[in-house]
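Listed here are the chains, written in short residue letters.
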Amino acid sequence: MLREAVSSEAGAGAGAFEPVDPYSIILNGTERVVEGSWIGESLLYVLRERMGLPGSKNACEQGECGSCSVMLDGEVVCACCVLAVDAADSEVTTVEGLNASGLVDDIQSCFVEAGAVQCGFCTPGLVVAVHDLLGRRPDAGSLEVREALSGNLCRCTGYGRILEAVRLVQEKREDG
Amino acid sequence: MRVARPRTISEALSALDDNPGSQLLAGGTDFCVEVNYGHRRPEGVVCLRRVAELRDFEVGEGKVRIGAGTTYTEMVKRLSGVLPALAAAARTVGSPQIRNAGTLGGNVATASPAGDTLPLLAALDAEVVLVSSKARRVVPLNELITGVKTTTIGPGEMVAEVVVPRISGPQHFLKVGTRNAMVISIASAAVVVDLQAQVVRCGLGSVGPVPIRASRAEEMISEAIDWDDLSAPRAALERFGDLAAEAARPITDHRSTADYRKRAVAVIAARAMRRSLTRVT
Ligand SMILES: Cc1cc2nc3c(=O)[nH]c(=O)nc-3n(C[C@H](O)[C@H](O)[C@H](O)COP(=O)(O)OP(=O)(O)OC[C@H]3O[C@@H](n4cnc5c(N)ncnc54)[C@H](O)[C@@H]3O)c2cc1C
Ligand code: FES
Ligand code: FES
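Protein chains in written order, with this note's numbering: chain A, 1 to 176; chain B, 1001 to 1281.
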């Protein structure tokens, strides 16, 4: 909806070349303006270095580890593989914005409860990936969960407790 | 440095014309990694993500047209009925995050030997539709991809869609790598059985600079198959794998040795073939 509105306002010049910035991103529900940036900045860089949102982690910058996972227009992607200028006028939700109230959500608390957090570096990316999965497939079976989390690397836990955390979220949500 | 965010193909093409040095950006999964690692420094970018036309796909009587902007996630969702091997290949790409962003057009334009859609597209003699503000041309995939990451896509041109024949019969894609997920192919193979024409088509990936057709394997197995019940003798299946390996021209690199690639491609080509049959005699 938001994007439609933006496009019709843009009018005749839509699609033509524009200066790199300013542009705005609808970040965790709030419109934020990016200024003074370089064309090649990744969304991950802009989130961490310009928007003050360090929840999305930077580990590989090549899409391999998933620690920078964010939702872009409702789909989970690696923020390091999104050119920030291409996120203009789009909705980006980071781990900081998953719960509108700003409190810890059920996925986060189940990670803690299951002991799925050791060094914690992979946790934000995993929380976003689990949020995406359970939003689409609340009843996902264990194979589906593994496949959905296959792009998120964890060097500490061995994954057992992460899978346990997902099961716990499913259980609690089912109980209401 | 400027950015264009077109919503139609014609807007995208006129943006490319206005700023000839600018680069096309689709899902960014190849593009951004190159920028992050300093291998690419864009002066101007034409973002294609908003061009809805590029995401169209059309299943016609004889042909299937797939928009260049179709993501892997969409291929899995929308094409598993009509092009099961393409959906299977798409399902093996990267992770959900990568599949949500990466596109067919980006895979074709990158033209990596390990591009997972390419073996099937080669097997199907896919045609790539290139458009520019001046012309539209249709180029067979084997003329488009001329070497490792090199194509005949000209300045001002972009991939609009990929067109493949609609073929009825089983098809399978298999790849080998170090993990089940998030893995670049060490070897890959696509097999398409055309029940009507009674021929088998087989494309190989990651075992040469460009996708390879295993023509001798195709001819041999097409003769050996009993088309009445879609069965073939075990010896013919083994021969199919051997002939596929003979067609391969692999190299040794950091992912694998050439010898392993040859062996692996023989095994997966034969396995994809076996899965396409109803029975082995
Ligand atoms: C972590 C990770 C895992 C991956 N795993 C796999 C895998 O398993 N298998 C695989 O095959 N690939 C894999 N890739 C590579 C990549 O995801 C694919 O090649 C993907 O299809 C690229 O598409 P894109 O839309 O992201 O292209 P982009 O990165 O946006 O662009 C790639 C190139 O294509 C050009 N381009 C894009 N669209 C067009 C167009 N319409 N016309 C002309 N030129 C165009 C761009 O200018 C650029 O040069 C992986 C990448 C990452 C980061
Ligand atoms: S930092 Fe983005 S996937 Fe690793
Ligand atoms: S908890 Fe340390 S990387 Fe996952």
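Any given hint could be a false lead.
Said to hold, decoys possible - Listed below are the simulated SDA-like cross-link pairs for lysine to any residue, each with C-alpha atoms no more than 25 Å apart in a straight line:
| # | chain 1 | residue 1 | chain 2 | residue 2 |
| --- | --- | --- | --- | --- |
| 1 | B | Lys1134 | A | Gln62 |
| 2 | B | Lys1077 | A | Pro54 |
| 3 | B | Lys1149 | A | Glu64 |
| 4 | B | Lys1149 | A | Gln62 |
| 5 | B | Lys1149 | B | Gln1023 |
| 6 | A | Lys172 | A | Tyr159 |
| 7 | B | Lys1077 | A | Glu91 |
| 8 | B | Lys1262 | B | Ala1236 |
| 9 | B | Lys1077 | B | Arg1091 |
Rather than coming from a laboratory, the hints here were simulated on the basis of the structure. All figures in this text were calculated on a predicted structure; none of them were measured in a lab.
Cross-check of the supplied hints:
Only pairs whose Cα atoms come within 25 Å are accepted, and B:Lys1134 paired with A:Gln62 is rejected, the gap being roughly 36 Å. In summary, the hint linking B:Lys1077 to A:Pro54 is not supported, as the alpha carbons are separated by about 33 Å, beyond the 25 Å threshold. Our distance criterion of 25 Å between C-alpha atoms is met by B:Lys1149 and A:Glu64, whose separation comes to about 21 Å. Between B:Lys1149 and A:Gln62, the direct Cα distance comes to roughly 18 Å. Compliance with the 25 Å bound is thereby established for this hinted pair.
A threshold of 25 Å between alpha carbons decides the hint, and for B:Lys1149 with B:Gln1023 the separation of about 16 Å falls inside it, so the pair holds. For the proposed pair A:Lys172 and A:Tyr159, the alpha carbon gap of about 20 Å is at most 25 Å, so the pair holds. At most 25 Å may separate the alpha-carbon atoms for a hinted pair to count; B:Lys1077 and A:Glu91 meet this at roughly 23 Å. Straight-line distance between C-alpha atoms of B:Lys1262 and B:Ala1236 comes to about 18 Å, which keeps the hinted pair within the 25 Å bound.
Taking the CA atoms of B:Lys1077 and B:Arg1091, the gap is about 10 Å. The hint holds against a cut of 25 Å.
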